[in-house]
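Put chain B on the given structure of chain A with help from the hints.
Going down the list, the sequences are from chains A and B. Quick note on my numbering: the first sequence kicks off at 1 and runs consecutively. Quick note on my numbering: the second sequence kicks off at 1001 and runs consecutively.
Incorrect hints may appear among the rest.
Listed next, the in silico DMTMM-like pairs over lysine to aspartate or glutamate satisfying Cα-Cα at most 25 Å (straight line) [said to hold, decoys possible]:
no. : chain 1 : residue 1 : chain 2 : residue 2
1   : A       : Lys73     : A       : Asp50
2   : A       : Lys15     : A       : Glu271
3   : B       : Lys1196   : A       : Asp155
4   : A       : Lys213    : B       : Asp1171
5   : A       : Lys196    : B       : Asp1292
6   : A       : Lys280    : A       : Glu252
7   : B       : Lys1196   : B       : Glu1271
8   : A       : Lys196    : B       : Glu1020
9   : B       : Lys1055   : B       : Glu1020
10  : A       : Lys291    : B       : Asp1147
11  : A       : Lys192    : B       : Asp1155
12  : A       : Lys55     : A       : Glu294
13  : B       : Lys1213   : A       : Glu294
14  : A       : Lys225    : B       : Asp1171
Chain A stretches covered by chain B per the calculated footprint, using a threshold of three residues with CB under 8 Å from any CB of chain B [unchecked claim]:
no. : segment
15  : 119-125
16  : 211-217
17  : 255-269
If you're looking for bench data, these hints aren't it; they were derived computationally from the structure. Glycine included, C-beta positions come from ideal geometry on N, C-alpha and C.
2 protein chains.
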Amino acid sequence: MSVLIVGSTALDSIKTPRAENPRLLGGSASHAAVAASFFSPVNLVGVVGDDFPKKYLQLYRRHGIDLAGLQIKPGKTFHWSGEYEVNLNHRRTLLTELGVFETFSPELPEAYRSSPYVLLANIAPALQHHVLNQMRRPKFVVADTMDLWLNIALDDLVKLLKRVDGFVLNDSEAQQLTQQENVFVALKQIHKMGPKYVIIKLGSHGSILSGPKGYFLCPAYPLSKVVDPTGAGDSFVGGLMGYLATARGSIENNLRRAMIHGSVVASFCCEGFGLNRTTKVTRAGIAQRVKDLEQQTRF
Amino acid sequence: MSVLIVGSTALDSIKTPRAENPRLLGGSASHAAVAASFFSPVNLVGVVGDDFPKKYLQLYRRHGIDLAGLQIKPGKTFHWSGEYEVNLNHRRTLLTELGVFETFSPELPEAYRSSPYVLLANIAPALQHHVLNQMRRPKFVVADTMDLWLNIALDDLVKLLKRVDGFVLNDSEAQQLTQQENVFVALKQIHKMGPKYVIIKLGSHGSILSGPKGYFLCPAYPLSKVVDPTGAGDSFVGGLMGYLATARGSIENNLRRAMIHGSVVASFCCEGFGLNRTTKVTRAGIAQRVKDLEQQTRF
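Next comes chain A alone, as it looks inside the complex (with noise of 0.2 Å):
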């Protein structure tokens, strides 16, 4: 089955303390949709400015992804520029010019609306909503988040907890939305809010599913050299979409599985700048890691 994307798609021009690299494919919707399109078929819905750059439609469609809801606007695409001091752990943003985003709103073609899975990458939570108005009852909803959101937008954001099945947030925010340093503490309280599976990503450290059944530890997978970390956090979920979608059997036990594809699709971007080395994976790539990772853990 398909995977319904919604989500940012922009241009990011990242600098690291090596190297710089401008005008890269970036945006959440695009390092999710490229992750799912290991897995599955992907239904891709943002927007991009009339200097949207052919060679990434021509990525994107490389990567099977189904373009009938990438609005082309007349104007400019939505440019992140951002700068990442010397270990990478942290970032600042140098520049924001939202240009067509600014007005975006997801419109989803007819056939996109009954996607069994709906993948509400980082947006902001008004439009998640807007989305879901759209969809006929999908199977299992996703729900990703950023700091921003929990600042300006969280009223809409706390609504949305009640609509999803899974709700995927990195530590440092699980503790902005509860005030709780504990993160198992922390993970009690966001499924009070409503979502039936609740992701802690924790960077290298990999991430924590809380679900009815239990605690599911995802390990990181060990990377000796990180390039640039952007585009990580949607990878994983991404990743973890597009293997539900094609999984056989339930969600619930397919999810676990799900986690460890969408970690290993994440190590790959991780790799390189921007989707560089996430574009350049194989199935057989992302197998081996996942082997890697079961003979890694096994004890």
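Positioned in the frame of chain A, the structure of chain B alone reads:
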């Protein structure tokens, strides 16, 4: 088989934002010995002053810890006092009174010199050397350390690394020792310094083993409440060595489960001040948490 454990035996006065606990039983060897005692007989080598409370000697004995190597000297027991910040991730030392520990020289009773399993818990590397000089061909030697020795006794520590089978340190110490930010690059460099097995501790994020069979990503047990993390690292390596000493089969094959058992004992340690919680643990309680971790990591 028994484990020889050499390290500090101290009185810890620990402040957290919620409570203050004076003169608890502490020190690297105390935590490690109690942790190991759940799995194997322990021979303890350390020093205390004549002010050392009798109840703590009884505590050791209750755990079957042999005290033939515990020196009782005229003077004061090593007293450490520290304060934790709200999130318990950072602590600062308020006071260090070395007392009889200042002139401590670990002398091994004859019967201890042929111990197969030796844990050089955190003390000065020169003293760790002095212990090894008294040993007859131990089967498996593991050393722990702390940032202080990297700062003031680096040469001794580097020489020690050529004499041990396993070396345990935390991530910031590994960075300091190797000047490498990346933990997997640091692991490779530490192997080159001598040890066949290197374990990097990541606090609440677990630990990583690197050895001939590759990596093992060892989880920390999920805790909703951390009362006092003092001694968790010592409990981890103590539990690990105690488990190894009685497990059948090769060290290589047992090391992963040994780490899991150490991780579980460390989780109990964090749930009370000093050794308050650890000393109440049962084998059944440990077995249950090991089972939980199996369930929480399977995919």
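Q) Which numbered hints are broken by the structure, listed smallest first? A) 3, 4, 6, 7, 8, 10, 11, 12, 15
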